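Q: Each chain, letter by letter, is given below.
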Amino acid sequence: MLGQLSISLASLNVTTMAPMLIAVVGALAILSIDLFKEGLHKSLYVMISLLFLLLDLGALIDFGNIFLHSGTVVGMFNMMLMDGLSILSQIIIVAVSMLFIPLALTSKRFHEYDYPEYFALFLFMIAGFQFMVATDNLILIFVGLETASLALYTLIALHNRSKSFEAAIKYFTMGALAAGFFAFGSMIFYALTGSVEIHEIAMHLVGSGYANIGFVLLAVLFLLAAIGFKISMVPFHTWTPDVYEGSSAALAGYMSIVPKIAGFIVAMRLFEFLVHTGVVWLQVVLYVIVVVTMTAANIWALVQTDVKRMLAYSSISHAGFVMAAILIGTTQSNSALFLYWALFSFTNLGAFSMLWVNRQKNLLPGQNTDHPYEKFSGMIRTMPMAAVVMGLFMLSLTGIPPFALFWGKLYIIGSAVSAHYLGLALIMALNSAISAYYYLKLIVFMFMKDPVKGYGQEILLNASLSLKTIIGIAAVGTIFAVVAINPLLNIITLFVYNSGY
Amino acid sequence: MQEHILSILIFFPALAAMLGFVIHKDSARAYGITVAAIEFVLSLVLWQWYNPLGGMQFMEMAPLISAFGISYLVGVDGISLFIIILSTFFTLIGIASLTEKRRIKDLIITLLFLEMTMVGVFASLDAILFYVFWELSLVPMLYIIGAWGGPLRIYASIKFFLYTFTGSLVMLVGMLYMAYLYHMATGSWSFSLLEWYRLQLPLEYQLWLFAAFFLGFAIKVPMFPFHTWLPYAHGQAPTIGSVILAAVLLKMGTYAFVRFSLPLFPDASVAFMFPIAILAIIMIVYTAMVAYAQEDIKQVVAYSSVSHMGVIVLGTFSLNVEGISGSVFLMIAHGVVSGALFLLVGVIYDRRHTKMMSEFGGLASVMPRYATIFGIMMMASVGLPLTINFVGEFLSLLGFYKQSHAYTLVAGTAIIVGAIYMLSAYKKAFFGNVTKEENRTLKDVNGTELLGLVPLVIVAIWLGVYPKPVLEPINNSVKAVVQLMHDKAQTVEAKERIPDLTHSTQEAH
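Keeping their order, the protein sequence lines are chains A and B.
Just so we're aligned: the first sequence equals residues 1 to 501 in the working numbering.
Just so we're aligned: the second sequence equals residues 1 to 509 in the working numbering.
Same shape as in the complex, but just chain B (with noise of 0.2 Å):
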């Protein structure tokens, strides 16, 4: 079992929806919190056999279409590992902690088919095949925005799928680009990202390919000015479709940026490294700024997310191991946070039927369980040291400052300014007096929910107070990449730029 370990992990969900087809609507809940508790427990074990200090691990392989080298490649390291745990653990909690009640079953299946095409894409070794999945995981999401979302829910749904599904087609001849080069030098096709690794790209090929596979991503993430299509996907999603979409489906781009961009194209990344680093501040700032602006608590959450994704791709483009560890795990925290803090507006939502701020006020005194959970994440959101964000933060930011201290102490600013806008939206809804009637009588978190929260926040503080268990193995396989990124690099600036490990450990001996 365990060299099929993710086959299974890969095709369990897919196989398990097929199935939920002939359950009874009234049990589909129960029969997706089942299927999701068991893959669960299957990436946890995952974990449990994933030696930390090894590179890709369960790999398999099986020629698919052999002609054009696509092959059905998987494996994991460090670095794709939690983000397949942080996907199985939302699937379970989303489902666990689902309110809604319109076409249940229908729900729950989707959900499970995307829960395959999320640890497909972090498992693919095959760039095929990770496109496979990649495309794939629009259905459902397009599903679920458009059918159990808000009034605006198909311009939304389309929006968001239209403007992924381009990103990606340039990418796809990237891809096929990549391929090609790579047979004139091999004479044979190959799709194999492990086979892609050994090439090494002139300088110009290296740019336009970045740049294509840098659309694809980029729309993903969404970084700035890619990134109109996610307001409205998240302000018209359903509270699951929201917590699924900012906790894995966002992480998809950061992932990528890391298996694809960084490995493949070094030089090309350092010479993209101040560009990217330039949009990402923007991004951090700006929708910071935004978010402030918001009257709607749903779209404060959104736009903080959009920021901190920033963050991420900060620590993404450092080009060192402690900006990359950071930002790895950062997409590990910013999962856990985004996706709590979504949940919680959907209780809040579930009890009122609006998002407005202004209706709220005094929530404090009339839910202190709630007002206590969402004051923890909150806190953790932005970057609270000994909370899951800091650690991440921090290293990313760290990464950074060696590359550029300009840039970090700006995007460093802008973090501590962007607590802003999240205190006062906390404050506006959960203290002073309780302005309206209505809220009087709300009721407290009930079980249901805490279900899903609690485990969110225990990760949190879990996480923030010592991560060494996540952060070592995402370190190792960091440590790798980077390497490989050194020894790839051809220009006298990205040897600079990118730290020779073999080399520095010498010296710190």
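Just chain A, same shape as in the assembly (with noise of 0.2 Å):
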């Protein structure tokens, strides 16, 4: 039969699964160990995981290489998509799961960890990620996302409490709206030209002058919405605080990073070849919806008073300010994409660690949430490098120079002056200043109060070696980011630029 339809292995090029088979060969083992021997300790399965990422990112890395020297390589009949864009991500995604996984390793016990299935969960999750932007084939980025989520959502209802159940119930159902607008929207597109490939689609809409303007603006609000809920974009994102609360500060601060990244390639995908088509309407919807997403996230981030939660806004509020860089649209702005989330990836991995690092078993009496700005009064006196370390993460945040985030945020507001986008220019600017308001105010807390009696024995309860090292490695890149951005942006550029966008 294989001999009749005459493809060769070798078109096949199998090799541009290879990263993503890692992961999920790596997950297949982490349940083949739990076969034979049950009960073993966590710090096993954090290894193995982190071991089979470490040869995810080795390929990656690879890839990059032949990305350099030969151009996009595709493989499985064009599905498969191993561009700029999606090496870039996901070494983005590779190695921020990486920084995240030893989170499992906290001093205290937590229930989750001691199932080997949250790790394997985790590297399916991870797989799914990577094919959702390893491709430019609207079904392959379905698959992606659905095993992508449908692994998050166990994890989060893993954490055993009951606002965890329902803040995955809550994504769940918010996830299986989003995925079914997804599905409408790649189907109109298929009923329109007869393709399910983003570019196959830009080439025939192209091709036949937007004829169908009204099918191809309900398609794009269909994938839009979709993307939104990805994304947390406002009006999409009412689901993004309550599952952060829900879930425990290390996943919420991994799902603040990596899902994201996921769902700006595909946007980026997506609306890159739209935004220049000059249909003005979808501009204007997508500029309205970055600002409002910056801003309104930002306004309510001003009145929370859980900072996980106020974090969760700040985090949506980012999540718009990157969208800006795919309503910019060139390369220098995608490529401060990339640049602000490889950065913002640190400093928030590092925000949520410290929440992570004082997680209580047990709220003390007259505590409504995890980490009430009052549980971090005073630390400069009984915790001081605790206090500094998280200040630094607060004022990256702000985007105060020279740590990491200034620079992200210098170079996208950058790109939108070049791009003659001056007022969006300056709402980025003035929504920085608004939230600079949110992040001082856990600074006040920390710095100028007096520390609040009932809480000092509840800092740093979970301060294992490893947790501290990851927040280590976190605020040395956000302090000394100014020395890798030469770099950085050097080779993001030319992988943007070279992809095409």
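Just so you know, these hints were derived from the structure itself, not from any lab.
Quick caveat, the model's predicted, so the values are computed rather than measured.
Among the hints, a few may not be true.
[Claimed, not checked] Here are the computed lysine-lysine pairs in the DSS-like style, where the Cα-Cα straight-line distance is at most 30 Å:
hint, chain 1, residue 1, chain 2, residue 2
1, B, K25, A, K449
2, B, K468, A, K449
3, A, K453, B, K159
4, A, K453, A, K42
5, A, K170, A, K42
6, B, K479, B, K468
7, A, K453, B, K101
8, B, K25, A, K468
9, B, K105, A, K449
10, A, K468, B, K105
[Unchecked claim] From the structure, some residues in chain B lie toward chain A, with a derived Cβ separation under 7 Å:
hint, residue
11, S71
12, V132
13, G146
14, G150
15, I154
16, L169
[Claimed, not checked] What the simulated footprint calls covered on chain B by chain A, stretch by stretch (three residues with Cβ under 8 Å from a Cβ of chain A suffice, anywhere in the stretch; the number is not a length):
hint, region
17, 51-65
18, 134-142
19, 157-168
20, 177-191
By construction, the Cβ of each residue, glycine as well, lies at the ideal position given by its N, Cα and C atoms.
Each chain sits in its own coordinate frame; assemble them with the hints.
A: Rendered as structure tokens:
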């Protein structure tokens, strides 16, 4: 049969799937180990996951080299697409995952890490995200998205608290809706163009001169809603704070970074040609959504009383910031997106890890949420180092130079200015100023107020060596980002430019 | 060492601050004084090596983010040299006369970090590097006000931070646009000021960019109507915070006018000259009136400090050598005088824990040395001839007189009338009978306090009598700025308003 279809194995280019398959094999390995011997300590699974992720990363770097020498690689009937975007985003996904997984090694015992399935699901999820970014086929994107999301829902629910179940269910129902939207949007595009590959859709639409513009817009609207859910754009963001609150701080930090970069890549592939078609309506909608996401999320963040919820809203706002790069749609802005997100990963992972370190088993009387501001009150007296490090992450999120995120903001605003989006640049700048207030609020609590009784012994409960290491890496990355910007920027620009974005 | 002196000056305090974490808290003050003294000596060495006739000196350059044209580029000329010395001087004096007892080690470390940012701002010749230090300076000050301040300290510190931060973000957009224009013109990215100086922009761009930069600088100065954060900041800040804020941090704004706004946008500077002059005059008159109405002696000093900042702005925007030199000199003078006044207020606050003038009266008989020093500094503040402020104020007004007689007349009168509030405050606090029993036993200034105050008195009188060693290097560098502005100016009005120095020297000879 194969002979008759005359497909050689070489033309399939199976290696394009190697990075994802490594993750999948890793997951299967963890499951098989559990099959033979139960009740092994979580550190084993953490290390196995790390090893497989390392292999994954190695494969990606290899692809990076291939890309630099001979350009984009396609495989599996053009399903797999290893261009600059997919390689860069996969590197971010895998690298952040590697920083995240050691957070499981807390000094206190948490229910979810006793299941080897947790780590298997985690690796499956990574494979899903990798599939999602490494294709421009809408169906494969959908499959990747759903694989990753279903795994993620389960990971949230495993945190075994009533709020976690609530979060998982909420995320699941919302996610199901988004999946439906995505399917609808793809269906309309397929009906219009007879293809599910984004570049063919683009070619067909341009060729027909955007006949049936009404249907195109409808499809775009559906897809926008679907992606909007995943990257938490206002007004599709409502799940975010609740889900973050319900999941463990570590997982919440992870959710604020990895699923979103995958979403951004899909958005970039999809909207890149749409923004440049001159369909004013689409630009306006995107513009409005970007501005509203940035601003509204900032204002909601102002009134939060819990640090984790504040960080949830702040990450929505940052997502809006980055969406602006897609709206601008120049090579510079697309590079800025990657730079911003790489730097944001460091800082935000650090901030959420600090919350994770301070996680209590039981709430104090009168305490409603896990991380109220009062908990951090006067931390400079009780835990000076921790306070300084947390303050550092907050300053970086505010965009105070020379800390990491400032350079991302600088470059993204710079790209807006260069593309003559001066209004947008000013809005972004002013939003940074608004956001300063709620980040400073935490600094005020930590540095300028007196400690609140009762919280003192709850702080730094979880600080095992591996957690401290991760926070240390994040802090060093945040402080000394400036030396890494230039090489990073050169590589990113090279990759983005050569991918045609 | 000579070629790296600026980098040493910038990063030595930061390094020392990091090592300071291991110092025991009882020795923190001694450590701080040592570090600040070394830094001050280094800055004097810088002055020693500086060639008063030359332009930009001790330049260092290292690419930072070459893909986007950002580099580590530092250098000094006559304009920045003395403000750098002022910063190191006041850090030393501030730490030496520190009476704070609470968490002294944290305070010393914070002050040393602050010193790094201050020197960095004045030495930077790359816009982004400048911005980095500019923003970073907010953080230590936020902490100083917020942690050691009065009862409303948190409100005051947040207000201070948000106000300045917002303004500077708009400025950042302006900087990015400037870099983009440079990119359009030359094809490469650069944030180097020296490169930007060569760019001749159309008037319309100049106006917008000027406005963007202006917002950032004006909030820092603070110019009317952006001054509302300052009374809170001064009112709540501890003595050391007020001293550094008034003496150095406010100068960042006026310095930036001279360094950025004037040479980059000469036509826009001329176009905005009178609107800004009006704001400056309102600032002088209005804050003087507000100062007169204050009950709190620290607020009087705070508002008078704002009022004098108005004269600096006026001098800067006279756009000629006399005015700008005068305003740069007045920056130094204002730093010395208002810094000293805040120290003096701190002295009495330490003794009585109140700053209300009604609580005092007749202090001259109880604390004669204190009253003398306060008197000298107050006289310097109102611009008595042969004191440091007089030179600066006179030159600033002279400069603006060449642009408009009427405005200068109003401003000059306002300054003279402004003496009233200082004198009346002095009268209320120092003369008459001792009205409060608890004031009878007040101790006069002690050795530690004299250590800080006496050098300031000496400087205030020395530079008032013989300003030449400082004024001459300033003058030479200002000439270069004015000539650059004249050469770049495009509109007819700008060519007229900004003097051509090559031409006028020919005439003179």
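Q: Closer than 8 Å, Cβ to Cβ, for at least three residues: run that test on the region 157-168 of chain B against chain A and report holds or violated.
A: holds (count 6)
Q: Mind checking the alpha carbons of A/K453 and A/K42 for me, to see if they're no more than 30 Å apart?
A: violated, 34 Å
Q: Would you check chain A against the region 51-65 of chain B, counting CB to CB pairs closer than 8 Å, and say if three or more residues qualify?
A: holds (count 3)
Q: So, B/I154 near chain A? Judge it on the closest CB pair being under 7 Å.
A: holds, 6 Å
Q: Does B/G150 pass the interface hint, meaning its C-beta sits closer than 7 Å to a C-beta of chain A?
A: violated, 12 Å
Q: Does B/K105 lie within 30 Å of A/K468 when you go C-alpha to C-alpha?
A: holds, 25 Å
Q: With a Cβ-Cβ cutoff of 8 Å, does the region 177-191 of chain B contain at least three residues near chain A?
A: Held - the region 177-191 of chain B has 4 residues with a Cβ nearer than 8 Å to chain A, which meets the minimum of three.
Q: Can the restraint linking B/K479 and B/K468 be considered satisfied, given a maximum Cα separation of 30 Å?
A: Judged against 30 Å, a Cα distance of about 16 Å means the pair holds.
Q: Under 7 Å is the threshold here; is the Cβ of B/V132 close enough to any Cβ of chain A for the hint to stand?
A: holds, 4 Å
Q: Should the hint that B/G146 touches chain A count as held when the rule is a Cβ pair under 7 Å?
A: holds, 4 Å
Q: Under the criterion that the straight-line Cα-Cα distance not exceed 30 Å, is the pair B/K468, A/K449 satisfied?
A: violated, 49 Å
Q: Check the hint pairing A/K453 with B/K101 against an upper bound of 30 Å on the C-alpha distance.
A: holds, 24 Å
The structure shown violates the earlier hints numbered 2, 4, 11 and 14.
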